[in-house]
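Spelled out from the first residue to the last, the chains are:
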Amino acid sequence: SAVISQKPSRDICQRGTSLTIQCQVDSQVTMMFWYRQQPGQSLTLIATANQGSEATYESGFVIDKFPISRPNLTFSTLTVSNMSPEDSSIYLCSVAGGTEAFFGQGTRLTVV
Amino acid sequence: GQQVMQIPQYQHVQEGEDFTTYCNSSTTLSNIQWYKQRPGGHPVFLIQLVKSGEVKKQKRLTFQFGEAKKNSSLHITATQTTDVGTYFCAERPPTLGYSSASKIIFGSGTRLSIRP
Numbered sequence: 483s484a485v486i487s488q489k490p491s492r493d494i495c496q497r498g499t500s501l502t503i504q505c506q507v508d509s510q511v512t513m514m515f516w517y518r519q520q521p522g523q524s525l526t527l528i529a530t531a532n533q534g535s536e537a538t539y540e541s542g543f544v545i546d547k548f549p550i551s552r553p554n555l556t557f558s559t560l561t562v563s564n565m566s567p568e569d570s571s572i573y574l575c576s577v578a579g580g581t582e583a584f585f586g587q588g589t590r591l592t593v594v
Numbered sequence: 028g029q030q031v032m033q034i035p036q037y038q039h040v041q042e043g044e045d046f047t048t049y050c051n052s053s054t055t056l057s058n059i060q061w062y063k064q065r066p067g068g069h070p071v072f073l074i075q076l077v078k079s080g081e082v083k084k085q086k087r088l089t090f091q092f093g094e095a096k097k098n099s100s101l102h103i104t105a106t107q108t109t110d111v112g113t114y115f116c117a118e119r120p121p122t123l124g125y126s127s128a129s130k131i132i133f134g135s136g137t138r139l140s141i142r143p
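Just so you know, the protein sequences line up as chains A and B, in that order.
Just so you know, we're using this note's numbering here: the first sequence kicks off at 483 and counts up by one.
Just so you know, we're using this note's numbering here: the second sequence kicks off at 28 and counts up by one.
Derived from the structure by calculation, the hints contain no laboratory data.
The reader is advised that the hints may include incorrect statements.
[Said to hold, decoys possible] Here are the simulated lysine to aspartate or glutamate pairs, DMTMM-like style, with alpha carbons at most 25 Å apart: (1) B:K63 <-> A:D508; (2) B:K97 <-> A:E540; (3) B:K97 <-> A:E536.
Only a predicted model underlies this, so the values are computations on that prediction, with no experimental measurement involved.
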């Protein structure tokens, strides 16, 4: 299993600003995953964060909007840049175990 | 691309009634996973099915994988208030390359609410 500490748990931000979300895992993992969950919706994968290389983004998500850092095997950050109200969502980081995925507690972002 | 749809989107039941959610894919699935997300919480893994026609049970929960591996169901017998939440089916696709290893593709989810 894996324990993931994610922060902040929630934030209210002004449009046009940026927010950086941090995830710390209690063990070394090759890949970390960042998901977005819009209100009442399912989870959509934003990108896969690899240590030592650039993140791999899914269709519809770009590095300029969601820059990701992965400085070591236990830590990653996701930045939501130049925010608009449409970015109001829950953002979750995740790691994969042998079978299942483990998630951080999520960051509930509201952009006003 | 692959889409995994779940029905119903919402279900409101009386406590003690049964509940079923169905997951349907446009393509053959390599496996099916089920997660539960409590209100305000994060998804928590319930189970994985891999074999065609596989059925697994966890107490009041019964999970089934279709013969064609394109659909799955989760059935809860005699719901309790602790069952409230959103249930997601998901697939962990086989690794196509280093960059895609281990990602999970989630279904649309079914939100279950219960009248005590």
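**Report entry** Given hint A:E540 paired with B:K97 - CA-CA distance at most 25 Å
**Finding:** Cα-Cα ~23 Å, so holds.
Query raised in the report: Given the hinted pair B:K63 and A:D508, is their alpha-carbon gap at most 25 Å?
Result: Holds, at about 23 Å.
Query raised in the report: Given the hint that B:K97 pairs with A:E536, does the C-alpha gap stay at or below 25 Å?
Result: 34 Å, violated
This entry does not satisfy hint 3, going by the numbered hints stated previously; all others are met.
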